[in-house]
Structure formats: C-alpha cells, structure tokens
Amino acid sequence: MTRGFERRGFQVHSCSNGAEAKREAETFHPSHILLDLNMPEVSGLVVLPELLAAAASAKLVVLTGYSSIATAVEATKLGATNYLCKPATIDEILAAFGETQAQAEVTVPSDPISVDRLEWEHIQRVLNDNDGNVSATARALGMHRRTLQRKLQKRPVRR
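Going by the UniProt record's numbering, the sequence shown opens with residue 1, and the numbers climb by one from there.
Certain hints may be false.
[To be verified] Pairs of lysine to any residue residues, derived as SDA-like cross-links and limited to a Cα-Cα distance of at most 25 Å, are as follows:
#1 K86 with S16
#2 K154 with G142
#3 K151 with L118
#4 K86 with E99
#5 K77 with A19
#6 K151 with R117
#7 K154 with I113
#8 K59 with D36
#9 K22 with A72
#10 K22 with N82
#11 K86 with A19
The hints are simulated quantities; they were obtained by calculation from the structure and are not laboratory data.
A quick note: this is a predicted structure, and the numbers were derived from the prediction, not measured.
When you get a sec, could you build the whole thing from the sequences and use the hints?
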C-alpha cells in the first residue's frame, strides 16, 4: 500500500501503533491520514481525535476489516472524512479522501458477506483479543461459554 501511494506522488510515513502515529502527526503535520481501526494496543477510534488534534487540517480516512454502523458513526463524529472496509484499492482510498485524480467507482461485491460469516469473524476477533480464553470471550460477547464452544466447533461459513 505504501508503494502505491508513493507511485502517485505522496510522501508516506507508515506507523505500527497509535503512539508512533501520534508522534509522526505532530512532527510532519500530514495532509492525509489513513487509519486502521484495529491497531495493536489501542483502537483506532481512540487515536483518531489525537491525530486530528496534532494535524488539524488533515483529511482522515478510517480503514477496517471489521466494519459496523456503530464504528462508522463514531469515526465520523470524531472527525473522520470517510470510512472504508477492507480490502480497498488505492484508487478507492484516494476517492474516499476526495482526491480528484481518483475517479474510480467503488464496486460493491455481488456476493456480500453473510451474517453467519460476520458473526464468525467477530467471534474470532474477540477470541484473539482475549488471547484464546473462551470464558473471557463468552463474557465479552454476552453469551454462555458452552454456546460459544459449540459455535467454535463448527467450521467457518465460506461467505
């Protein structure tokens, strides 16, 4: 992704966590910020206001693999210019920033992800956040531990 932006004439500063992103924003005052919602140690929603405070004139787009209406609304309220679901192409990201050079149409997949698949991915993400602890994951998801174990024993839904 970094190379794709550099080929289009952008100077790119890639960061691996929220603290590093905040330092970069304070140092370089970027005009565009692409923020992943799922970051190590902290959510992108926590870092978003700090980045905009450090680079007030920056356009900020949130990119996530786990999109929901609630996080999209929250990101927009916090000042995000746009909110995109992964996978997104460089042209789609530039269009989200409002760049005139990117007139690419955003295509919606003809076979959207099923609710069962979204549930499976959400369970896996929460399980990962809880370091594989099924009891803690069940509490976080608000379900009985045995129900969660049954869901985990099933194979993931394809789409």
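Checked hints:
At most 25 Å may separate the alpha-carbon atoms for a hinted pair to count; K86 and S16 meet this at roughly 17 Å. With a C-alpha separation of about 19 Å, the suggested pairing of K154 with G142 holds against the 25 Å cut-off. A threshold of 25 Å between alpha carbons decides the hint, and for K151 with L118 the separation of about 13 Å falls inside it, so the pair holds. Pair hint K86 plus E99 holds up; C-alpha atoms about 19 Å apart against a cutoff of 25 Å.
For the proposed pair K77 and A19, the alpha carbon gap of about 22 Å is at most 25 Å, so the pair holds. For the hint pairing K151 with R117, the CA-to-CA distance comes to about 12 Å; that is within 25 Å, so the pair holds. Between K154 and I113 the CA atoms are separated by roughly 18 Å; this keeps the pair inside 25 Å, and the hint holds. This hinted pair checks out: K59 and D36 have alpha carbons roughly 14 Å apart, not beyond 25 Å.
Taking the CA atoms of K22 and A72, the gap is near 21 Å; set against the 25 Å cutoff, the hint holds. For the hint pairing K22 with N82, the CA-to-CA distance comes to about 19 Å; that is within 25 Å, so the pair holds. Between K86 and A19, the direct Cα distance comes to roughly 23 Å. Compliance with the 25 Å bound is thereby established for this hinted pair.
Checked against the numbered hints above, the structure breaks none of them.
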